[in-house]
Amino acid sequence: MADTIAAIATAHGVGSIAIVRLSGDDALPITSKITGDSNITPRFAHLKTLYNEDQTVIDEAIVLFFQGPKSFTGEDVVEFQCHGGVIVASMLLDALIKAGANLATPGEFSKRAFLNGRIDLTQAEAIANLIDAKSEDAAKILAKQMKGDLRNFIESVRDKLLELIAYSEVTIDYAEEDLPQDMIDQMRDKLEAIAATLQKSVHASKQRMVLIDGFKVAIIGRPNVGKSSLLNALLHYDRAIVSDIAGTTRDTIEESIKIGTHLIRMIDTAGIRNASDTIERIGIEKSLEAVEDADIIIALFDGSQELTDEDAQIIKILEDHEDKKHLVVLNKSDLGQLVKEGDLSGFNLLRLSCKEDTQSLIDALTQLMDEDNHTHDNTLISKRQIQAVEEAISEINSAIDPLEMNELEIFSFHLNAAIAKVASITRPMEYDEVLDKMFGNFCLGK
4 MADTIAAIAT AHGVGSIAIV RLSGDDALPI TSKITGDSNI TPRFAHLKTL YNEDQTVIDE
64 AIVLFFQGPK SFTGEDVVEF QCHGGVIVAS MLLDALIKAG ANLATPGEFS KRAFLNGRID
124 LTQAEAIANL IDAKSEDAAK ILAKQMKGDL RNFIESVRDK LLELIAYSEV TIDYAEEDLP
184 QDMIDQMRDK LEAIAATLQK SVHASKQRMV LIDGFKVAII GRPNVGKSSL LNALLHYDRA
244 IVSDIAGTTR DTIEESIKIG THLIRMIDTA GIRNASDTIE RIGIEKSLEA VEDADIIIAL
304 FDGSQELTDE DAQIIKILED HEDKKHLVVL NKSDLGQLVK EGDLSGFNLL RLSCKEDTQS
364 LIDALTQLMD EDNHTHDNTL ISKRQIQAVE EAISEINSAI DPLEMNELEI FSFHLNAAIA
424 KVASITRPME YDEVLDKMFG NFCLGK
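Heads up, our numbering is the position in the sequence shown plus 3, with the first residue counted as 1.
Honestly, the hints are just simulated from the structure, not real lab data. Just to be clear, a hint being listed does not mean it is correct.
[Unchecked claim] Derived EDC-like pairs (lysine to aspartate or glutamate); straight-line CA-CA distance at most 20 Å:
(1) Lys36 with Asp97
(2) Lys327 with Asp366
(3) Lys150 with Asp123
(4) Lys101 with Asp29
(5) Lys163 with Glu398
(6) Lys36 with Asp57
(7) Lys343 with Glu309
(8) Lys209 with Glu139
(9) Lys289 with Glu258
[Stated by the list, open to error] Pairwise CB distance ranges (calculated):
(10) His15 with Ala169: 51 to 61 Å
(11) Ala146 with Glu258: 19 to 29 Å
(12) Phe416 with Ala196: 12 to 22 Å
(13) Phe416 with Lys150: 31 to 41 Å
(14) Asp28 with Arg191: 47 to 57 Å
It should be emphasised that the depicted structure is a prediction, and the values quoted were computed from it without experimental measurement. We treat Cβ as the ideally placed atom computed from N, Cα and C, and that holds for glycine.
With these hints in hand, go ahead and build the complete structure from the sequences.
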């Protein structure tokens with residue numbers, strides 16, 4: 004990996020500072036060409052003038068040199084902190100490429116850090132997810148992963164499985180000896196304890212995946228109950244068209260909004276009813292798809308009117324999706340209340356007027372999302388990790404019967420397979436394709 008790579012590490016757009024990153028064997032010589040100075044001390048901030056190849060000035064910037072292997076990638080790394088904005092950073096990147104650097108591919112810095120042993124896959128995935136974290140809770144989980152918490156857990160499980168294989172292999176070497184029954188019982192108990200620990204981690208991780216991926220909240224209801232008004236009130240600006248004409252919203256409208264410590268995706272849907280209009284029917288189908296995809300459903304009813312057959316359709320949707328979290332809201336409380344508690348029996352009702360105050364809804368929504376914030380130290384943060392652990396559990400369970408029957412070769416086969424599945428979470432044996440796919444999803448400069 005002799006080539007030296009460069010990329011802009013900060014987000015595209017206007018800002019006070021932009022960071023351009025350089026990594027590889029020629030990082031320092033290329034920096035010397037750009038600054039005209041070869042005397043750059045590692046881990047000191049240098050204020051340098053940066054030049055193009057024709058010696059025209061690009062910018063005056065802070066230059067930081069991190070000498071390998073004590074750097075993020077394990078190679079020589081130079082970071083330029085230049086003035087923000089698109090133009091200056093792009094000019095600097097062009098100058099670095101002309102001086103001998105190659106443009107980095109997405110995730111290439113992190114990939115080099117992994118290949119050079121600076122991080123493992125759990126830390127790499129944590130870095131990628133932290134950049135796109137959808138809640139403060141997710142950021143805390145991912146920060147622990149970056150410090151190696153999950154790696155340590157996986158290594159402890161691997162060591163326990165290796166210990167069990169060691170007992171088996173010794174007995175296989177002395178084929179005339181069978182494992183004593185008390186030894187088999189102890190090994191089975193250890194296997195079951197390992198499987199239970201892994202299963203607990205999988206269960207907790209699936210519950211917390213929504214913290215990593217972010218909540219999707221769908222607002223549903225019949226036409227003219229105030230869905231678009233509610234979205235506008237939560238966003239504090241008029242994003243959706245509001246009209247007294249039923250069926251004004253023909254398509255789903257999605258916007259991101261921060262509620263509590265969570266960045267959520269709020270989806271305003273078309274009013275659900277029996278429609279004859281082709282376009283409206285398509286919008287209603289999309290509304291139903293949004294319900295299927297949502298983590299939380301806000302079912303909105305017009306509290307100032309008696310419930311209709313169309314409202315009954317909304318109640319049926321809630322009943323059909325009882326596994327999903329939901330809030331049942333009676334809107335238009337400023338116009339009086341005709342809907343009674345008994346009309347929506349079985350649901351906790353929230354009364355409000357979205358034109359006046361939505362704080363009670365915000366509080367209820369925050370409480371629902373915070374319910375997933377239970378503590379678990381061994382959280383798996385990707386579907387890849389969860390699948391690997393589930394497959395390891397399956398192999399462990401498959402090893403128990405051969406152990407009971409003293410078929411130790413089969414027992415060892417399943418435990419070796421379990422170890423391979425667990426090890427794939429941190430550093431798989433055959434990982435070229437996995438790495439290319441995973442690091443390719445990173446942003447440039449990371």
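Evaluation of the provided hints:
1. With a C-alpha separation of about 13 Å, the suggested pair Lys36 and Asp97 falls inside the 20 Å cut-off, and the hint holds.
2. With a C-alpha separation of about 18 Å, the suggested pairing of Lys327 with Asp366 holds against the 20 Å cut-off.
3. With a CA separation close to 11 Å, the supplied pair Lys150 and Asp123 stays within the 20 Å bound.
4. Taking the CA atoms of Lys101 and Asp29, the gap is near 13 Å; set against the 20 Å cutoff, the hint holds.
5. Between Lys163 and Glu398, the direct Cα distance comes to roughly 15 Å. Compliance with the 20 Å bound is thereby established for this hinted pair.
6. Of the pairs offered as hints, the one joining Lys36 and Asp57 holds, with about 11 Å between alpha carbons and a cut-off of 20 Å not exceeded.
7. Between the alpha carbons of Lys343 and Glu309 the distance comes to roughly 9 Å, so the proposed pair stays at or under 20 Å and holds.
8. For a cut-off of 20 Å, the pair hint linking Lys209 to Glu139 stands: about 18 Å separates their Cα positions.
9. Pair hint Lys289 plus Glu258 holds up; C-alpha atoms about 16 Å apart against a cutoff of 20 Å.
10. Our hint of 51 to 61 Å for His15 and Ala169 holds, since their Cβ atoms are close to 53 Å apart.
11. Between Ala146 and Glu258 the Cβ separation comes to about 28 Å, which falls inside the hinted range of 19 to 29 Å.
12. Between Phe416 and Ala196, the C-beta spacing of about 21 Å keeps the proposed range 12 to 22 Å intact.
13. Checking the proposed 31 to 41 Å range against Phe416 and Lys150 shows it holds: the Cβ atoms sit about 35 Å from each other.
14. The hinted range of 47 to 57 Å is satisfied by Asp28 and Arg191, whose Cβ atoms lie roughly 53 Å apart.
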